[in-house]
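Visitor: In the order they appear, the protein sequences are chains A and B.
To convert, note that position 622 of the first sequence is 688 in our numbering; the numbers rise steadily by one, no gaps.
To convert, note that position 329 of the second sequence is 395 in our numbering; the numbers rise steadily by one, no gaps.
Just to be clear, a hint being listed does not mean it is correct.
As the list makes no split between identical chains, a pair holds if one copy fits it or if it spans any two.
For lysine to aspartate or glutamate, the following EDC-like pairs were computed, each having C-alpha atoms within a straight-line distance of at most 20 Å [as the list claims (entries may be wrong)]: (1) Lys75 / Asp178; (2) Lys463 / Asp215; (3) Lys606 / Asp364; (4) Lys373 / Glu228; (5) Lys564 / Asp81; (6) Lys463 / Glu296; (7) Lys328 / Glu566; (8) Lys820 / Glu296; (9) Lys691 / Glu184; (10) Lys328 / Asp138; (11) Lys237 / Glu477; (12) Lys75 / Asp269; (13) Lys752 / Glu721; (14) Lys608 / Asp364; (15) Lys234 / Glu499; (16) Lys496 / Glu194.
Please keep in mind that the hints were generated in silico from the structure rather than gathered at the bench.
None of the values given here were measured: they were computed from a predicted structure.
Residues per chain, in single letters:
There are 2 protein chains.
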Amino acid sequence: MAQFSIVGKDIPRTDARAKATGTALYTDDIKLPGMLYGKILRSPVPHARIVHIDVSKALALPGVKCVITGEDTPKIKYGNWRLFPDTQDEYPLAVDRVRFVGDEVAAVAAVDLDTAEEALQLIRVEYEDLPAVFDIESALKKGAPVLHDNCPNNVSVTRKIEYGDIRKAFKEADYVREDTFRVHAVSHAYMEPCSSLAAVDLDGRITLWTSTQTPYIVQCLLASTLGMRENDIRVIKPYVGGGFGGKMEMRPWEFCAAFMAKKTGRPVKITLTREEELIAGRRRHPMKIVSKVGFKNDGTLVAKDLKIYLDGGAYNSMGPTATFLCGNFGAMLYRYPNYRFYGQHVYTNKPPAGAMRGFGAPQSLYAAETQMNIVAEELGIDPIDLRIKNAMRTGDKIPDVATISSCGFIESLERVAKMSNWKRRRKSLKDGEGIGIGCYSFISGGVFNWFNTQYPFSAAEVRVFADGTAHLLTMASDIGQGSDTVLKQILAEELGLKMEDIRITSADTAMTPQADLGTWGSRVTLMAGNAVLDAARKIKQKLFGAVSARFNLNVIYDMECKDGRVYAKGRPERGMSFGEVVAMVQKANRGEPLVARGSYTPRGKGLVTPAFSFGAQVAHVSVDKETGLVRVKKMWTAHDCGTVINPSSVEGQLEGSIHMGLGYALCEQFVMDKGKTLTNTFLDYKIPSALDMPPGESACIETYEPEGPMGAKEAGEGLASPTAPAIAEAVYHATGYRCMDLPITPEKILKGMKKKAPK
Amino acid sequence: MAQFSIVGKDIPRTDARAKATGTALYTDDIKLPGMLYGKILRSPVPHARIVHIDVSKALALPGVKCVITGEDTPKIKYGNWRLFPDTQDEYPLAVDRVRFVGDEVAAVAAVDLDTAEEALQLIRVEYEDLPAVFDIESALKKGAPVLHDNCPNNVSVTRKIEYGDIRKAFKEADYVREDTFRVHAVSHAYMEPCSSLAAVDLDGRITLWTSTQTPYIVQCLLASTLGMRENDIRVIKPYVGGGFGGKMEMRPWEFCAAFMAKKTGRPVKITLTREEELIAGRRRHPMKIVSKVGFKNDGTLVAKDLKIYLDGGAYNSMGPTATFLCGNFGAMLYRYPNYRFYGQHVYTNKPPAGAMRGFGAPQSLYAAETQMNIVAEELGIDPIDLRIKNAMRTGDKIPDVATISSCGFIESLERVAKMSNWKRRRKSLKDGEGIGIGCYSFISGGVFNWFNTQYPFSAAEVRVFADGTAHLLTMASDIGQGSDTVLKQILAEELGLKMEDIRITSADTAMTPQADLGTWGSRVTLMAGNAVLDAARKIKQKLFGAVSARFNLNVIYDMECKDGRVYAKGRPERGMSFGEVVAMVQKANRGEPLVARGSYTPRGKGLVTPAFSFGAQVAHVSVDKETGLVRVKKMWTAHDCGTVINPSSVEGQLEGSIHMGLGYALCEQFVMDKGKTLTNTFLDYKIPSALDMPPGESACIETYEPEGPMGAKEAGEGLASPTAPAIAEAVYHATGYRCMDLPITPEKILKGMKKKAPK
């Protein structure tokens, strides 16, 4: 493995000081002269026709500068699946009809927030109620209320995968079982509520500062919904306080801020309240998962038949992609010689589900990993042994998906077994305690171009200077995950510079190189990282040429950039300082600065992803048998994310993932009543607190991913999946209660508890 | 001449709406959180040793966050003649010694302006007075006080030019005369006083928003005086309210704002008062000019021997360049077969003179043109006829300078004669009225690399998009002269786009392409324009290739970009819309955006400039013989600026030049007492008002300058020169008073008036 100077080191994050000192400006911190404050009126009913909207009283309120409804807008639908325009089903503001409680109906802009809020109350909307559906089964019933006329059965997207011979395989299997799982919706619960600030310049161009994961996607969709040209819109991502998938689309408030800024000529800022986030924000897809598996008696997995129904809520949002990916996650972790998947994305009159950390995997893998644990018990094989037997390995091929180019799964299983003292601990626990395992595989960015971008998937520009510094420009978006730091590390490593030698400018659609698809699918390190490497290598070729010419080096010499110098490898005296070589290259080009552009687009990588990560996690819980309360005592994690670029960042991702997994498994849920979300504050919607966090131990199984920059692959999302099934198995191990429908509440445990736990 | 769609049209200026509506943000309009206000303590004495500075009381004042003196700084000298480090003679804050009243001694930063001002008064400086000199003669005397130890004779730069055989020529001349002229200092009197705002980020990088003509030069010199790396400093030029040469160097307040921001960790803004501008700001060089000319009786100019002594004030500033250029301006307008120049830059204990609109030419040409008028009278030849006889023409060569590649001087003379009805009017004026002529030639940017830049003289990046828009990035600085508009026009013209299709980003040293030397010497239209053209042409080649491939065009086809389309010339149906072709090029490059970089560096253009402009101006004045008051009744101007890119902007330059010329000729002057400037407000320092402006007529003699973009050359500075000599000649014509020392005050007229005027 390569020797690195910067990569693999615990480099302090580029944004750490600004965030720690409070100087980091988030969108809501930005104030512009003459700025107006916007608010959005939302539907109070789950499904209705809009008969009439009267905004006259609102408009008459002193201080109100603008009131808009869907009728004022160009009425252009949008959606992220731009490749299939039929799937674009959402208006920025409702036209004729609302489809969920919280659907955006009107917007106001006023001189202050109080006035804007008062104005909302003065808008009179006459609704004609329509019948509504709130779950998958009802929505799929014949004669069910139809949400979108072009989908009379409420199914907006279906997807099928099939390979091998599934019927034959099940016939030949020794052991077959089918289970139905239900998983629920949860919130991203990012610290920073969404905020957008739009300003229009005197040429009519819009600048939008917005809390987003995807400046480029917002730019494109905002242009299309406003009927403007893409490049007359500039999207800037300020500091962002978390996204987790919840900020990866264009959102109605982005449109409303921009549209009202255009109408008034004044900047308009809209910041959501936590209540709005919780009642109307995107959420993780609830799903119904029917999984049938076949095994040989020796534990060899021979077939899987998987049906997943996604409860999409009122609009597609990222649902089509989720439907697509669920089928892949269903067959990603183990060798599935025969596999069939059928997925449906179903409309219901609830807030739309969207992308959320893991994006299909937490649901799909909750079912798959729990079922694996059931099978292990039934076949009398240790759950880890059963997994090792069927585990994917480097070089394995998933039909129509990809060949696994690096895989540390077996090592992860072995390592986590060792760390947790699995076999011994599993047998020696006290009453009311249990341990369980869950695993994951995840993608390192998506390959399928559903957004139909015309640009490379990621790009970078690197400018190097005679003073020994470099400037990295990239549209990649740091939303707290640390990509600015990681990309600087990659560049510093490749050019032999220090972190402080590098200035970075990122996530500004007008200034940074076109384009980058944004932060989602754990794509940034691999894709933006590769783009940075591509640019850096072009720079190096020029530097190497100059040094070769200057020292009259034999062409066979290998060269390197290291410690601020450029020289012949093994002959360090034949070289010069980085800055001196840049100056020489510049001279050789008659003064032209040394600038290189790099890009990355995955090609020949199938339909899903260029690289796969793997990991295994063991949870140790104790369950209070009087109350059903679960306490997670410890988590052990071993995972393969390729080369670790920044150990602290990887550790942070792991901790955050466990935190979210804990909430997903045990306590987070939306309580709803006829489409209305009742858990609308953090008092009611319960995320685990710092005190709920278990201690943990972790290990990175370092593989070298050939497609990744310096061998790296994803580390941010895969880890969101194993926690829930590991805890569920531990609870089962402790109590005999097997959770088939998340979350694992005390009520369910008390009801399902067996007198004698299965250990 | 080429047919243009955008060039030559009266396109509204890009900055017009922002300025008219008051939304344009100048540096002083920018406020940052936690910002401190800085003030500078200046020397009250013209020449002294600093014995001791006690800042303790100032530091103790509540609200004061920082007090610095030269001793706190790295004590690194700076100056624009970086190619000759010996000429860098100025410290950002005085070290040991002050050399003029107003010299920067200390700086404070406080929470508000009042506190900062109060703090200044609490700083105790003990000076030990040194003898001072205030004029050229005294400074050059033996035993005169020495300002800079490395220049014991107070001469910092000398320059000689000689060609032909000057002695022989004078011997063979029929008519020889020598005159001594004195010209005075005037102020740039820009509307926006200098302002600088520095912020330091948590990595220690500085961002400086500053009212400057030269962001790149400020970046480099700030880095060197702070001991930082150039690219750890980012200079951004916000809207600028005029410069006229007064904002083309690094200034002490830029250093002080940056240094105190570093020291305090808080943004620091320093905005000068008008009083500071007038007492300590740069000013136009006073000069003593001794000019000896020889003619044949038929009016043929045979020789000139020119000696110019520049009163540079206390530091070099742009004086070395002025010394250099004066010698060139002395022989630029007419055919000088034999020429000798000797120039000296002399230190005196006054505020340093610097660059100012025309930069050497107004002084040099006041003398040359006045002398030409004297000679015309003495030889009995009409002044315009004498000029036409000796006028430069296209193809003329100035030894060691350049070949004149386009010259509309004779046409200008003929045109202005016709417009003003010169010969008839000159004979038929009422008593107390007179008309006179003055002419100019000027440079279109400098060729001599005195700043020793390692970059092209100007650069541009052009990005074009499938939506039919383009983004132009350039470090060129619009300081009110309109370069953003002109560069957009050039790009729009070349790419066949509309002005509204182009976004421009300019004058940000971190974001716009390295580098541009700034706005001075009338260089921007030609140099940045050529860089833009270079980039645009690279874009076009790609577009042409795509259309050729798509329509299978014969390689001999010429192609063009026009009206938003790209097509075969003469076969417009074989083409596509601009955006479609961009999309096709992008496809052909697997998604890579279409971006091109262009640059311009003058090569093989001698030592002075790539192109010369010419013009002639006639003034009609009436003089009140009781009071000596001059009223300019009308001005006629004909000038050759090559292709006119924006007629209104050229007209604006002309009007502004006449306004400044009027002030230079008649009323502006610094009244000084022992080095102290007494005219320290606009009540005392008198610039002409709008009511003083004469009506005028003007004509552009359009030539096509082969080195200029689309045939264009300078239009902004040359016109600053002819007004004063034209008015002086008109006053002579009206009164018989010949002004040999500007300004032409009523007192001088009354004293010098002849009973019978010479007409």
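Visitor: Against each hint, give a clear statement of whether it holds in the structure.
Guide: The hints, checked one at a time:
no., hint, result
1, Lys75 / Asp178, "neither (47 Å within a copy, 44 Å between copies)"
2, Lys463 / Asp215, "neither (40 Å within a copy, 80 Å between copies)"
3, Lys606 / Asp364, "neither (54 Å within a copy, 68 Å between copies)"
4, Lys373 / Glu228, "within (12 Å within a copy, 94 Å between copies)"
5, Lys564 / Asp81, "within (16 Å within a copy, 41 Å between copies)"
6, Lys463 / Glu296, "neither (40 Å within a copy, 51 Å between copies)"
7, Lys328 / Glu566, "between (40 Å within a copy, 16 Å between copies)"
8, Lys820 / Glu296, "neither (61 Å within a copy, 72 Å between copies)"
9, Lys691 / Glu184, "neither (50 Å within a copy, 74 Å between copies)"
10, Lys328 / Asp138, "within (12 Å within a copy, 50 Å between copies)"
11, Lys237 / Glu477, "neither (33 Å within a copy, 101 Å between copies)"
12, Lys75 / Asp269, "between (47 Å within a copy, 19 Å between copies)"
13, Lys752 / Glu721, "within (18 Å within a copy, 71 Å between copies)"
14, Lys608 / Asp364, "neither (59 Å within a copy, 63 Å between copies)"
15, Lys234 / Glu499, "neither (41 Å within a copy, 114 Å between copies)"
16, Lys496 / Glu194, "neither (59 Å within a copy, 89 Å between copies)"
Comparing the model with each numbered hint stated earlier shows that hints 1, 2, 3, 6, 8, 9, 11, 14, 15 and 16 do not hold.
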